[in-house]
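A.B. asks: Below are the chains, spelled out letter by letter.
Protein chains: 6
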Amino acid sequence: MKPSPITATIDFEKDGVQHGFLKLPHSHDGSAWGSIMIPVACIKQGVGPTALLTGGNHGDEYEGPLAILDLASRLKAEEVSGRVILVPGMNYPAVKAGTRTSPIDRGNLNRSFPGRPDGSVTEKIADYFQRVLLPLADLVCDVHSGGKTLDFVPFAAAHILPDKAQQARCVAAMEAFAAPYSMMLLEIDAVGMYDTAAEEMGKTFVSTELGGGGTARAATVAIARRGLKNLLVHAGILEGEVEAAQSVKLDMPDGSCYITSEVTGLLEMALDLGEVVRKGEVVARIRSFERTGAAPVELRAECDGILAGRHFPGLISAGDTVAVIGVPV
Amino acid sequence: MKPSPITATIDFEKDGVQHGFLKLPHSHDGSAWGSIMIPVACIKQGVGPTALLTGGNHGDEYEGPLAILDLASRLKAEEVSGRVILVPGMNYPAVKAGTRTSPIDRGNLNRSFPGRPDGSVTEKIADYFQRVLLPLADLVCDVHSGGKTLDFVPFAAAHILPDKAQQARCVAAMEAFAAPYSMMLLEIDAVGMYDTAAEEMGKTFVSTELGGGGTARAATVAIARRGLKNLLVHAGILEGEVEAAQSVKLDMPDGSCYITSEVTGLLEMALDLGEVVRKGEVVARIRSFERTGAAPVELRAECDGILAGRHFPGLISAGDTVAVIGVPV
Amino acid sequence: MKPSPITATIDFEKDGVQHGFLKLPHSHDGSAWGSIMIPVACIKQGVGPTALLTGGNHGDEYEGPLAILDLASRLKAEEVSGRVILVPGMNYPAVKAGTRTSPIDRGNLNRSFPGRPDGSVTEKIADYFQRVLLPLADLVCDVHSGGKTLDFVPFAAAHILPDKAQQARCVAAMEAFAAPYSMMLLEIDAVGMYDTAAEEMGKTFVSTELGGGGTARAATVAIARRGLKNLLVHAGILEGEVEAAQSVKLDMPDGSCYITSEVTGLLEMALDLGEVVRKGEVVARIRSFERTGAAPVELRAECDGILAGRHFPGLISAGDTVAVIGVPV
Amino acid sequence: MKPSPITATIDFEKDGVQHGFLKLPHSHDGSAWGSIMIPVACIKQGVGPTALLTGGNHGDEYEGPLAILDLASRLKAEEVSGRVILVPGMNYPAVKAGTRTSPIDRGNLNRSFPGRPDGSVTEKIADYFQRVLLPLADLVCDVHSGGKTLDFVPFAAAHILPDKAQQARCVAAMEAFAAPYSMMLLEIDAVGMYDTAAEEMGKTFVSTELGGGGTARAATVAIARRGLKNLLVHAGILEGEVEAAQSVKLDMPDGSCYITSEVTGLLEMALDLGEVVRKGEVVARIRSFERTGAAPVELRAECDGILAGRHFPGLISAGDTVAVIGVPV
Amino acid sequence: MKPSPITATIDFEKDGVQHGFLKLPHSHDGSAWGSIMIPVACIKQGVGPTALLTGGNHGDEYEGPLAILDLASRLKAEEVSGRVILVPGMNYPAVKAGTRTSPIDRGNLNRSFPGRPDGSVTEKIADYFQRVLLPLADLVCDVHSGGKTLDFVPFAAAHILPDKAQQARCVAAMEAFAAPYSMMLLEIDAVGMYDTAAEEMGKTFVSTELGGGGTARAATVAIARRGLKNLLVHAGILEGEVEAAQSVKLDMPDGSCYITSEVTGLLEMALDLGEVVRKGEVVARIRSFERTGAAPVELRAECDGILAGRHFPGLISAGDTVAVIGVPV
Amino acid sequence: MKPSPITATIDFEKDGVQHGFLKLPHSHDGSAWGSIMIPVACIKQGVGPTALLTGGNHGDEYEGPLAILDLASRLKAEEVSGRVILVPGMNYPAVKAGTRTSPIDRGNLNRSFPGRPDGSVTEKIADYFQRVLLPLADLVCDVHSGGKTLDFVPFAAAHILPDKAQQARCVAAMEAFAAPYSMMLLEIDAVGMYDTAAEEMGKTFVSTELGGGGTARAATVAIARRGLKNLLVHAGILEGEVEAAQSVKLDMPDGSCYITSEVTGLLEMALDLGEVVRKGEVVARIRSFERTGAAPVELRAECDGILAGRHFPGLISAGDTVAVIGVPV
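Those protein sequences? They're chains A, B, C, D, E and F, same order as listed. Numbering-wise (the working numbering), the first sequence opens with residue 1 and increments by one. Numbering-wise (the working numbering), the second sequence opens with residue 1 and increments by one. Numbering-wise (the working numbering), the third sequence opens with residue 1 and increments by one. Numbering-wise (the working numbering), the fourth sequence opens with residue 1 and increments by one. Numbering-wise (the working numbering), the fifth sequence opens with residue 1 and increments by one. Numbering-wise (the working numbering), the sixth sequence opens with residue 1 and increments by one.
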């Protein structure tokens with residue numbers, strides 16, 4: 001396989017604080033000899049584990065980029081035992097545009113792994129993480145939120161894995177993150193995900209959903225900051241104690257807990273995130289805005305639980321996921 | 001002045017429940033003999049005051065359309081003494097597109113009054129409200145939210161008016177609405193607003209901001225539903241009692257309480273809506289996403305109060321209003 | 001009023017055959033010192049009446065441009081007594097784009113009269129016809145078809161005018177055109193039309209609708225060619241006899257003969273152009289393509305007559321005119 | 001090979017009438033957890049052959065969707081011996097947009113077979129037909145028309161196949177369809193076609209071209225309705241007699257019967273669909289709209305026959321097929 | 001007339017160096033409470049004349065913005081006797097986009113004077129210069145280049161004015177600018193120009209064309225820097241001597257010296273900027289790229305002179321100005 | 001592998017002058033049965049070598065298309081010993097649009113070799129050159145310029161090749177071209193280039209960069225014309241002498257001679273093309289246009305040489321190549 005076209009302007013083996021770029025050549029109508037410059041920082045001292053902290057896997061999710069940029073500008077090399085690599089905007093073209101997918105190739109980075117060195121721009125980014133950055137890491141945390149079209153109660157997540165020792169490491173890291181909710185996920189279709197790429201290399205991997213709507217709140221950014229610092233302490237890269245916090249454990253089982261709309265219209269939720277719902281209750285109504293006087297379509301819960309996630313925009317289309325019920329354990 | 005090109009498919013003078021359209025001829029490349037069909041309902045019985053209830057003045061604000069569609073499909077003629085005219089999507093092309101302004105002419109309806117019968121599509125809509133619907137009304141309530149780019153604590157509002165008797169009527173109606181917050185507004189630039197058009201005709205007028213972000217929550221829709229019903233009771237159109245609720249009174253003075261960004265980047269709020277802030281405290285930080293390691297630009301409050309409004313998207317541009325401080329009275 | 005910015009590269013007072021342009025300066029991002037070059041021909045000999053023949057008033061109607069281009073390349077000065085001015089593509093930016101309205105300013109030329117010399121590009125074109133070309137003409141014929149979104153039985157038309165002598169001249173010219181159908185029109189909203197501009201100057205004016213769908217058939221182009229030649233003979237500009245043909249006289253009364261859809265979906269006509277329909281019969285069905293199993297919305301005729309016009313595309317939106325019933329007289 | 005990501009909301013093995021969707025997950029900027037909902041109906045009773053009836057393979061062809069939606073809403077399970085599966089809009093994103101190809105990936109579904117479960121949206125649809133729906137069928141009919149840019153005399157078609165017994169089955173089905181014209185096709189480039197996919201599985205396959213221009217006429221929809229019903233009778237799924245009609249047999253040989261334009265301009269046909277043409281006669285003229293006075297480019301027939309197909313729009317570009325001559329047999 | 005909605009964040013009456021913004025409120029779909037922030041600097045000391053130096057009147061012309069930004073960051077208050085106001089990007093939305101006209105309203109700022117406070121964004125900018133900035137100035141210099149679609153020999157220009165004393169002041173300032181060429185202009189259509197607005201107020205006004213093509217060369221930026229400094233010395237705002245340089249005097253008479261293309265194709269210049277041409281010589285050839293073997297259209301000079309300006313892009317459209325011949329005096 | 005879908009309308013084996021097209025079927029929403037018509041000429045007499053001369057590999061580079069169109073319309077069969085195949089616009093969709101890459105698939109033709117017969121439009125063009133045209137040729141010259149976003153001193157180029165005999169042939173041809181500069185290139189990433197495709201077949205290959213900016217000057221077109229004629233003389237296809245001219249030999253070593261910007265802003269070059277620069281000197285400054293008063297970012301040379309290439313547009317983005325230093329040998 002060909003080498004990655006991406007080159008880093010910093011040296012991941014060097015001690016100290018470095019701020020630089022992952023430089024990805026990109027020839028296009030606006031610049032024949034242009035590049036995409038993905039910001040990266042590396043803070044390293046001596047020997048120790050490596051944490052790879054990422055945000056902007058989707059370009060419209062903001063808690064990750066904000067907390068990682070904050071950490072990158074504060075962390076001192078002398079505080080660190082080992083190495084912290086920070087990439088606040090993985091799919092940088094999407095981050096610049098504020099969109100889930102890349103405006104260049106409409107690539108969803110989190111479905112593009114393992115990527116290709118001679119593929120699309122998004123595939124080249126995936127390939128670089130797959131073959132260069134992930135192999136450097138022991139602990140990987142990818143901070144997601146719901147983006148412009150989904151909203152979630154804030155949770156950290158670990159996956160059910162075939163290697164139970166690895167799973168235990170991941171669960172311990174998820175608990176160290178100390179988000180208000182903690183979710184055990186059994187992905188139905190894990191193909192192409194960054195999560196899967198990291199886990200298949202045996203890494204300790206934590207993901208999150210810390211809110212959504214294409215915004216960030218002070219409260220959710222604070223969760224991200226605390227979580228990332230906790231992870232570094234947990235991994236032994238930073239000294240000190242994990243800052244504990246209460247966390248509700250949730251399952252997000254498939255099928256019956258996902259509610260899909262078969263109609264298009266205005267979305268009227270009958271309850272808000274975190275509220276309790278019983279099987280058979282109305283979760284949402286879809287109203288036609290094309291005429292008055294029509295009865296709304298009612299969507300009902302098919303299981304007991306709390307409202308863990310929802311479609312965010314006021315307009316909803318047939319086929320959109322309206323709501324996700326999380327089941328407290 | 002020429003007559004409006006808009007015709008209603010219902011008769012506002014007829015008793016009973018009618019659902020129909022305001023039909024606005026619109027010849028365009030996609031349909032030479034097409035029309036814009038703005039949904040409208042009229043529920044009337046006997047003699048009594050007329051309430052004109054509107055949403056979708058901006059097309060990305062959802063509490064108004066949802067509560068008005070709900071009311072339009074529930075209200076029975078025999079419950080009404082007088083008349084209720086309901087237009088859930090005033091700037092209907094914008095509502096269909098889920099955008100603040102019209103995708104046809106980029107018109108901001110709330111800056112287009114009094115409109116023109118031979119102007120742009122948005123101006124034609126304004127003209128129809130100005131010359132046909134507003135004259136029919138005694139009480140006018142236009143339900144706004146922040147839309148995709150602003151978010152507010154939920155409030156009803158009245159304006160400071162030269163006619164103090166009229167102002168008192170408006171304040172009484174605002175109080176009847178019973179939103180969690182109540183705001184007295186002195187508009188700096190009221191030119192072109194629907195509010196001004198209604199107030200200059202001597203109407204009792206209530207406006208709101210019930211949330212934002214281009215979504216609606218169950219809680220904010222409930223505020224809108226209660227508020228509209230309360231208004232109809234307050235006006236004597238419906239029987240019964242106003243459903244009272246606690247409401248914090250706020251002023252939103254100009255100048256020092258509006259915070260503008262002079263830079264572009266990622267927005268990190270330092271506090272959330274409804275939280276208390278003191279003059280001199282950091283309200284928000286703007287972070288460059290173009291490189292790591294740079295210090296954020298800090299924006300500080302220039303007055304004491306609570307965070308009443310904010311820029312919603314994670315990306316912010318130079319010139320955007322970051323935050324509005326409301327001053328409790 | 002300022003002079004028109006348009007200059008002709010030919011001299012309308014000169015005898016002979018001239019092919020040239022109406023040159024309209026247009027500074028835009030693609031050419032700071034560019035112009036729009038509207039093709040024009042003038043064929044003149046001696047003293048006699050002037051005919052102004054135009055097509056492309058809407059840019060997606062083809063019988064007019066084809067017949068006029070044909071005539072412009074065939075007509076010899078020695079055949080002519082007087083003058084023929086031919087503009088095959090009035091709204092030339094729209095003609096180039098194949099769209100009803102101008103891609104530059106979305107202007108509908110036939111609603112832009114009398115235009116303005118310092119207005120939009122479309123208004124500048126209208127102004128040039130209003131102040132330069134129309135005053136040169138005795139007989140004006142503007143060849144329309146239905147364009148991409150309408151289809152008609154082929155007809156020539158004259159308007160009911162306050163000056164009955166002028167009306168008689170127009171009717172005589174319409175009859176000379178000898179289209180398969182002849183329509184007397186009472187325009188509801190004649191403001192801004194080229195027709196009105198010509199008629200208010202006392203010109204003999206004939207309009208047509210010769211088909212539609214954004215195409216031209218051999219048969220409809222033949223109607224246009226014959227009609228234009230007949231007009232020139234009728235006016236005494238060409239020698240010879242008017243080539244007569246059978247023509248069904250129609251009225252297109254308002255209101256009940258226009259059928260509008262209040263829903264969006266797939267359009268299924270129940271009869272085709274020229275077929276007879278009785279009041280109460282189904283003219284069209286609108287079917288949802290979003291699901292199977294739903295009953296279509298049926299639209300019924302509200303008067304007796306023939307199907308004279310229809311919405312052409314397979315998709316139809318709420319507010320579109322579905323069909324027009326013409327009433328034979 | 002991976003399983004299809006598409007799931008049906010109905011059960012093809014269940015007796016009765018079912019209306020539902022083929023649900024295709026589609027994560028995009030407008031909905032992170034969205035789906036494309038392709039309408040499908042299944043009408044089944046007892047044991048018997050399966051007919052798979054499809055429209056909307058190209059999204060701007062309307063006779064198929066209209067006739068199939070009509071059949072889906074009328075057909076009763078008790079009338080059926082066997083099973084009828086109806087998909088009125090195969091390339092549903094294209095159908096919604098009214099375009100030949102998918103607005104999502106510009107995919108031409110009829111060149112995307114056999115598709116891929118992890119490919120583009122269009123390839124996923126092709127894969128589902130290839131691996132799920134086609135194997136269920138005995139008789140397959142895909143109803144095409146010319147779409148927005150082509151127009152045809154209405155015909156049903158069968159292919160010349162290596163398996164002459166299969167070809168005879170297909171010809172018999174084509175004849176049962178009873179369109180005004182019947183065409184034997186030898187596809188030059190059959191790669192990627194749905195036709196080829198069905199035929200290679202040994203299915204009895206009928207295709208059609210029933211008009212075009214992006215519209216549907218009452219007459220052509222009637223041909224489609226009759227044809228589909230005839231097919232079901234012919235297959236023994238419905239009782240009764242095939243409704244016979246006269247059908248002209250045509251060949252559409254390659255090369256000399258296709259006429260291509262090497263210039264860009266306005267298209268003026270010299271004859272209309274169904275008319276007779278002799279070798280050497282002018283079939284069409286292309287006129288420059290950029291200037292008057294130029295001679296048109298003439299295109300002449302290179303074989304005898306009738307005009308079976310044509311370019312529909314008034315504008316034509318270099319490289320476009322202008323006309324197809326069909327040779328009666 | 002209403003006050004301008006634009007407010008300056010700096011005080012033009014204050015001594016010292018100030019860097020700030022002209023803040024223009026702009027509510028749009030991307031930010032309901034947004035503003036356009038036009039950079040401005042003011043460098044003032046004591047009493048003396050005011051120079052207003054501007055660039056970016058068209059957004060794709062770069063010598064002006066570069067020289068003015070350089071001057072704004074170097075000039076010290078103590079060097080100045082009087083005041084220098086610097087606006088490097090007048091039509092700031094166009095400057096950000098790198099386009100001649102505004103991407104918001106497609107406004108050409110230099111055809112929008114005197115503007116309107118309640119007009120489009122571009123008209124609001126014009127109005128602010130008309131009513132606020134121009135009245136503050138004694139000397140006005142607006143630095144233009146050819147932009148992306150024109151290229152010029154570098155020249156400064158003055159207009160022929162009715163007030164010969166004012167004209168003499170302007171010519172003296174033009175000569176002080178000391179560009180390689182100096183041009184006396186008689187504008188045909190001066191309506192709407194910033195030049196005209198300044199001149200009608202009696203200001204000393206200098207304009208330039210310093211190159212083009214949407215780029216800037218080191219040599220042309222050096223001309224702009226020297227010219228601006230010379231102007232400030234000439235006006236007595238800076239001390240020292242005007243840095244003289246040789247300048248060829250040119251006339252750019254109308255009509256015969258402008259060469260327009262009537263065809264579309266590839267532009268092949270027969271001579272380059274500054275070269276001598278004789279009447280009747282070929283200046284350019286336009287070649288069709290649609291086919292090989294066709295003869296190019298040749299365009300010939302209609303007067304003697306040098307090539308002073310040309311169409312820059314390789315593609316040229318009918319109606320574009322190909323070349324301008326300057327006549328040395 | 002499947003045959004190419006492209007067919008030539010001319011016969012490359014026939015003597016004489018032929019002008020025609022490479023016809024590439026392209027079914028799209030605007031024409032279901034359309035084609036891309038790539039102009040091609042073949043001038044052949046008797047036996048002798050074949051030269052393949054191409055331009056428009058990138059669609060915004062003009063010296064090649066102009067010189068090749070000129071040659072194609074002048075060259076007579078009787079002047080030729082052997083064969084000259086001329087394709088002035090290889091990536092024809094890009095040439096029509098005036099863009100580097102294809103507007104259909106955004107393909108960069110010069111990174112698409114060897115192409116695929118069933119790939120995207122750009123890949124189909126590459127495949128046709130790979131498998132049909134290149135095998136016919138002995139000598140291949142592909143004329144490039146910098147396009148809209150780069151500008152170069154005019155040079156011809158040869159590559160360092162493993163086969164030194166072939167390299168010597170290429171160098172001899174480059175020298176025969178006689179451009180003002182001659183460059184020996186060691187491509188870092190030659191994968192996908194037309195150059196590599198030709199060289200791997202053992203062809204004598206010459207490339208050029210003759211200017212840039214999306215325009216052509218009379219002087220650079222003259223270089224291209226002379227160079228192509230010289231090549232044909234050099235190859236023995238035309239009689240006569242190579243027209244010699246002085247040529248500066250340059251190396252363009254990697255790494256230190258390429259200067260990249262890490263910031264976005266306005267580009268101010270400190271020197272112009274062809275000027276001498278010393279290591280450590282400022283080559284360019286990038287200025288923020290978002291505010292006045294900020295110091296520019298300075299970019300310095302890291303080697304001695306001349307400025308051989310530069311970013312052309314006035315706006316520059318982080319990641320763009322600012323300048324290339326050529327080292328005279």
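The hints are simulated quantities; they were obtained by calculation from the structure and are not laboratory data. Note that the coordinates shown come from a computational prediction; the quantities given were computed from them, not determined experimentally. Take these hints with a grain of salt, some might be off.
In silico SDA-like cross-links for lysine to any residue, where the CA-CA straight-line distance does not exceed 20 Å [said to hold, decoys possible]:
#: 1; chain 1: F; residue 1: 96; chain 2: D; residue 2: 73
#: 2; chain 1: A; residue 1: 96; chain 2: E; residue 2: 96
#: 3; chain 1: F; residue 1: 23; chain 2: D; residue 2: 263
#: 4; chain 1: F; residue 1: 76; chain 2: F; residue 2: 48
#: 5; chain 1: E; residue 1: 164; chain 2: E; residue 2: 175
#: 6; chain 1: E; residue 1: 249; chain 2: E; residue 2: 175
#: 7; chain 1: B; residue 1: 76; chain 2: A; residue 2: 293
#: 8; chain 1: D; residue 1: 14; chain 2: D; residue 2: 73
#: 9; chain 1: A; residue 1: 2; chain 2: F; residue 2: 104
#: 10; chain 1: E; residue 1: 96; chain 2: B; residue 2: 175
#: 11; chain 1: E; residue 1: 23; chain 2: F; residue 2: 48
#: 12; chain 1: A; residue 1: 249; chain 2: A; residue 2: 160
#: 13; chain 1: D; residue 1: 2; chain 2: A; residue 2: 189
#: 14; chain 1: B; residue 1: 96; chain 2: C; residue 2: 180
#: 15; chain 1: B; residue 1: 14; chain 2: A; residue 2: 293
#: 16; chain 1: E; residue 1: 23; chain 2: B; residue 2: 290
#: 17; chain 1: F; residue 1: 23; chain 2: D; residue 2: 114
A.B. asks: Each hint needs a verdict: does it hold in this structure or not?
C.D. replies: Going through the hints against the structure:
{"no.": "1", "hint": "F:96 <-> D:73", "verdict": "violated, 49 Å"}
{"no.": "2", "hint": "A:96 <-> E:96", "verdict": "holds, 16 Å"}
{"no.": "3", "hint": "F:23 <-> D:263", "verdict": "holds, 13 Å"}
{"no.": "4", "hint": "F:76 <-> F:48", "verdict": "holds, 15 Å"}
{"no.": "5", "hint": "E:164 <-> E:175", "verdict": "holds, 16 Å"}
{"no.": "6", "hint": "E:249 <-> E:175", "verdict": "holds, 10 Å"}
{"no.": "7", "hint": "B:76 <-> A:293", "verdict": "holds, 11 Å"}
{"no.": "8", "hint": "D:14 <-> D:73", "verdict": "holds, 18 Å"}
{"no.": "9", "hint": "A:2 <-> F:104", "verdict": "violated, 28 Å"}
{"no.": "10", "hint": "E:96 <-> B:175", "verdict": "violated, 46 Å"}
{"no.": "11", "hint": "E:23 <-> F:48", "verdict": "violated, 71 Å"}
{"no.": "12", "hint": "A:249 <-> A:160", "verdict": "holds, 14 Å"}
{"no.": "13", "hint": "D:2 <-> A:189", "verdict": "holds, 11 Å"}
{"no.": "14", "hint": "B:96 <-> C:180", "verdict": "violated, 42 Å"}
{"no.": "15", "hint": "B:14 <-> A:293", "verdict": "holds, 17 Å"}
{"no.": "16", "hint": "E:23 <-> B:290", "verdict": "violated, 25 Å"}
{"no.": "17", "hint": "F:23 <-> D:114", "verdict": "violated, 27 Å"}
Checked against the numbered hints listed earlier, the structure breaks hints 1, 9, 10, 11, 14, 16 and 17; every other hint is satisfied.
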